[in-house]
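**Q** Make a model of the complete structure from these sequences and hints.
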Amino acid sequence: MATLLYRLGRGALRRRRLVVALWLVVLVVAGLAAATLRGPTASNFTMPGTESQRALDLLAEQFPAASGATGTITVKAPADGQLATPQGQAVVQELVQQASTLPGVVGAVNPFQVGAVTPNGRYALVQVQFATGGDDVTDAQRTAYEQVGASAKAQGWQVAPGGEVLGGEPEIGSTEALGVLVAAIVLIITFGSLVAAGMTMLNALIGVGAGMAGLFALSGAVQLTSTAPILALMLGLAVGIDYSLFITSRHRQNLLDGLSPEEAVGRAVGTAGSAVVFAGATVVIALAGLAVVDIPFLTVMGLAAAGTVTVAVLVAITLQPALLGFAGRRVLPRRLRAVATDDTVAAAGHHTNATDRPVAETATTEDQSRFGFRWARLVTRFRVPVILVGLLGLGLLALPTPDMRLALPGAATAAVGSPARVANDLTTEGFGAGFTGRLAVVVAGDSPQATSAAVPQVTALLQRTENVLAVAPAQLSPDGRTALLGVIPKTGPTDEATETLVHDIRGSMGGIRDADVLLTGVTAIGIDVSEKLSDALPIYLLLVVGLSVLLLMLVFRSLLVPVKAALGFLLTVAATFGITVAVFQQGHLADLVGLDTPGPLISFLPILLIGILFGLAMDYEVFLVSRMREDFVHGKSARQATISGMGHGARVVTAAALIMISVFGGFVFLEDPVIKSMGFALAIGVAIDAFVVRMTIVPAVMSLLGDRAWWLPSWLNRALPNVDIEGEGLRTHLEDRTPTHV
Numbered sequence: 032m033a034t035l036l037y038r039l040g041r042g043a044l045r046r047r048r049l050v051v052a053l054w055l056v057v058l059v060v061a062g063l064a065a066a067t068l069r070g071p072t073a074s075n076f077t078m079p080g081t082e083s084q085r086a087l088d089l090l091a092e093q094f095p096a097a098s099g100a101t102g103t104i105t106v107k108a109p110a111d112g113q114l115a116t117p118q119g120q121a122v123v124q125e126l127v128q129q130a131s132t133l134p135g136v137v138g139a140v141n142p143f144q145v146g147a148v149t150p151n152g153r154y155a156l157v158q159v160q161f162a163t164g165g166d167d168v169t170d171a172q173r174t175a176y177e178q179v180g181a182s183a184k185a186q187g188w189q190v191a192p193g194g195e196v197l198g199g200e201p202e203i204g205s206t207e208a209l210g211v212l213v214a215a216i217v218l219i220i221t222f223g224s225l226v227a228a229g230m231t232m233l234n235a236l237i238g239v240g241a242g243m244a245g246l247f248a249l250s251g252a253v254q255l256t257s258t259a260p261i262l263a264l265m266l267g268l269a270v271g272i273d274y275s276l277f278i279t280s281r282h283r284q285n286l287l288d289g290l291s292p293e294e295a296v297g298r299a300v301g302t303a304g305s306a307v308v309f310a311g312a313t314v315v316i317a318l319a320g321l322a323v324v325d326i327p328f329l330t331v332m333g334l335a336a337a338g339t340v341t342v343a344v345l346v347a348i349t350l351q352p353a354l355l356g357f358a359g360r361r362v363l364p365r366r367l368r369a370v371a372t373d374d375t376v377a378a379a380g381h382h383t384n385a386t387d388r389p390v391a392e393t394a395t396t397e398d399q400s401r402f403g404f405r406w407a408r409l410v411t412r413f414r415v416p417v418i419l420v421g422l423l424g425l426g427l428l429a430l431p432t433p434d435m436r437l438a439l440p441g442a443a444t445a446a447v448g449s450p451a452r453v454a455n456d457l458t459t460e461g462f463g464a465g466f467t468g469r470l471a472v473v474v475a476g477d478s479p480q481a482t483s484a485a486v487p488q489v490t491a492l493l494q495r496t497e498n499v500l501a502v503a504p505a506q507l508s509p510d511g512r513t514a515l516l517g518v519i520p521k522t523g524p525t526d527e528a529t530e531t532l533v534h535d536i537r538g539s540m541g542g543i544r545d546a547d548v549l550l551t552g553v554t555a556i557g558i559d560v561s562e563k564l565s566d567a568l569p570i571y572l573l574l575v576v577g578l579s580v581l582l583l584m585l586v587f588r589s590l591l592v593p594v595k596a597a598l599g600f601l602l603t604v605a606a607t608f609g610i611t612v613a614v615f616q617q618g619h620l621a622d623l624v625g626l627d628t629p630g631p632l633i634s635f636l637p638i639l640l641i642g643i644l645f646g647l648a649m650d651y652e653v654f655l656v657s658r659m660r661e662d663f664v665h666g667k668s669a670r671q672a673t674i675s676g677m678g679h680g681a682r683v684v685t686a687a688a689l690i691m692i693s694v695f696g697g698f699v700f701l702e703d704p705v706i707k708s709m710g711f712a713l714a715i716g717v718a719i720d721a722f723v724v725r726m727t728i729v730p731a732v733m734s735l736l737g738d739r740a741w742w743l744p745s746w747l748n749r750a751l752p753n754v755d756i757e758g759e760g761l762r763t764h765l766e767d768r769t770p771t772h773v
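Residues 32 to 773 in my numbering are what the sequence shown spells out, letter by letter.
Fair warning: there could be bad hints in the mix.
[Said to hold, decoys possible] Simulated restraints on C-beta separations: (1) V56 to R401: 36 to 46 Å; (2) A52 to P364: 37 to 47 Å; (3) Q186 to D510: 38 to 48 Å; (4) V59 to G424: 47 to 57 Å; (5) S131 to G80: 35 to 45 Å; (6) L68 to A91: 25 to 35 Å; (7) P150 to A64: 57 to 67 Å; (8) P479 to G80: 46 to 56 Å; (9) A64 to E460: 26 to 36 Å.
None of these hints come from the bench; they were simulated from the model. Being a predicted model, the structure only gives us computed values, none of them experimental. Beta carbons are placed, not taken as given, at the ideal position from N, Cα and C, and that holds for glycine.
**A** Below you can see the structure in the form of C-alpha cells.
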C-alpha cells in the first residue's frame, strides 16, 4: 500500500492543477446537488419492533386523526381563581378558537370540558392535535403555533405553547468557528509557517465542505436525524485537519532531510499517508459497524459520519499533495528554507539523489533535546510509578460510570428560555412533572364490541397501577375498533419511577382478552429506545475491542501491542463516561459548560462515543507505535525505539489532539444539550486518550515489555497479510531503483 500511495502522491503533485480543478468541480457539483435535493431532517427517534412503535403504526392505520403530533398550550392567569370568572373563560375560549384554526391543526380541546384546570383556578392546559407527525410539521406551522395567544399575553396572561411539535433541527452558529480558530492557531504554532497552516486548514475545509454537501444531497432520499449532520461536521472537520497535518508534517521533515519537493511529498503520502488510510479505515469501520446493532437512526448517523471521514481521507492523499506542490518550500519556516535547499544541492553534488535514500535515513541531526524525547526518557525511566498513577487516576475518573442513566432529550433539560423549556416549566409549576410526560394506551379489538368491552378493564387496571396520577377518558376511532387512553404519571418522563411504571403497565395488560393493548407516547418511546441501546452497548463494545486487536495485529505483527491498545481504549471509554456522567447527569461543574439543567445522558451517546473514540484512539496508536516498530526493526533496542517513536511523534500527535479537542470543544458552546454533551464527551475522550493513555501509559508499558512487545508466533505471522504501514515495501522499492539525479 505504501508504494501505491507513494506513486499517488507524486502523481498528484505533478498534475496538481488538474487535481485541484477536479476537487473544486466535485465541491461545486455537490453544493448544487445539496441546494436542489436537500430534504428535511427528522427530530424523532423511532425504533422498529418496539411496542411503542407498533402502537404508533397501529394508530396511523386505524386512527389517523390521533396519530399526528400533539401540542400542549399551558395557560397561567394573572391571579388565582381568575379562570373561573367569565372574563377568564372568555380569554381561554378565544385562545382555543385561535389554536383550532392554525394551519395543520385538526382541533384544540377546551380545558374546561376535560377538567384540565388546576383547583386554584390559575392554570389550564389546551391540547392541540396536528394532522401530521412532528417531522412533517412545516416551519411556518410551527411558527404560527409558537405565536398563539398574543391577545391573552397583552392582558397579562402567560401563554406557553409546548409539546412534541416544537422539536426542531439544532442550529449551527458562530460558536463552532471558535474551535476552528483555535485549530488554526495550533497549526501556525506547530508549523511556524502561515503557508503550511493555511494550506492544511484549506485542505480540510474543502474536504468537509464536499462531504457535508454530499450528505445533504442524499438527505432527500435518506431520512437523517437532526443530529446526524452535526456529528458528520464535527468528526469530518476534526479528522480532516488531523490527517492533513500528519502528511504535511512528514513532508516538511522530508524537505529538511534534503529531498526534492516531489520526492518529499511522495514519501510523505507513502508513509504518513498509509497511516492516514489505515486510521481513517478504522474510524469508518467503527462508524459503519453501528449498523450491527440494528437501530435505524443510529445506522444513518454512523454512515453519515463515515462518509465525511472517507472524503477527508481521499482529500488528504490527493488534494494535499497537490497543494504542497504549489507551496513548494514555503511550507517550511523562513529560517529553514535555505537549509533544505543547501542539503538538496549538496546531495546532488555528491551524485546521490534524494530518491535513492532509505526512508529512515535523515540528512539532519536528530534533536534529542526536544520535549518529546525528554518526556519519553522520563516516562520510561519511571515506568512502573507512571503506569500505577495513570491507572489509579483513570479509575477514579471512571467511578461515576455505573450510575449512568440514558434517555431521549426532553423539554425539562432544554436550554433555559427556549419555548419548549418555558412550556415545560410552566406545566410542571401548575400541574406537576407527570403532565409533561404523558403516556398513551392503545386498545385495538377485532370489533367495536370487543374494544368497548376491553376499555373498562384497561381503565381499571391503569387506575390501580402505582404511580398513575390520572387516566383520561377513552377516545374512539370512527369505526369504534380502536381506543386511545391518556395516562398521566406522578413523576417526570426521565424519572426512574416513570420507567418502572411503563413496565408495570405493560406487565398488567397480559390478561386482557379479545383486544391488543399497547403502550406508547413520547415518554414510552424514549424508554424503549434507551433500553434497546443499552442492550446493544456490550455487543458493540465487544465488536470494537475485537476489531482493534485484529487490526493492530495486522499492523504491528504483535500480540501484546494490540492487547495493550485495546485495554487502553477501555480505560479511555470508562474515564470519559465517568466525567460526562459527573458533569451532565450529576451536575458537577455544569456551569463551566453552560449546562442549565443536569439530566440523563442522551441514549445514543455511549455507543456513538465508543465508535468514534475507537477510531481516534487507533489513529494515535498507529502514528506513535508505528515509528517505534520501524526503529526497532532497524536495530534499535526496545527502549531506544520507544523513546525515538515518542520523540518523533509527540509534537504532531499533541497538535492533532489539540485540534480535535478544539473542534469538538467548539460544539460545547451550543445551547442544545444533546450536541453540547456530544462535543464535551468527544473532547474529553480525545484529551484522555492522547495525553494520558497514548503518550504516557503506552510508552511506559512498551518500555516495561521490552522485546516481548513485538513477539508474534511464527505460524500467525505467516497467516497474517502484510499491510505495510511502516513503508517496508516502499523502502525496498526505492533502494532497488536505478539512481537518477536531481
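**Q** Now look at each hint and say whether the structure bears it out.
**A** Do the hints match the structure? See the list:
1. Separated by about 42 Å at the C-beta atoms, V56 and R401 satisfy the suggested range of 36 to 46 Å.
2. Between A52 and P364 the Cβ separation comes to about 30 Å, which falls outside the hinted range of 37 to 47 Å.
3. The hinted range of 38 to 48 Å is satisfied by Q186 and D510, whose Cβ atoms lie roughly 43 Å apart.
4. Here the CB-CB span from V59 to G424 is close to 49 Å, well matched to the stated 47 to 57 Å.
5. For S131 and G80, the hinted distance range of 35 to 45 Å is satisfied, since their beta carbons lie about 36 Å from each other.
6. For L68 paired with A91, a C-beta distance near 27 Å keeps the hint of 25 to 35 Å intact.
7. Between P150 and A64 the beta carbon distance is about 58 Å. The supplied range of 57 to 67 Å therefore holds.
8. The hinted window of 46 to 56 Å between P479 and G80 is violated, with their beta carbons roughly 29 Å apart.
9. A beta carbon spacing of about 48 Å between A64 and E460 contradicts the range 26 to 36 Å that was offered as a hint.
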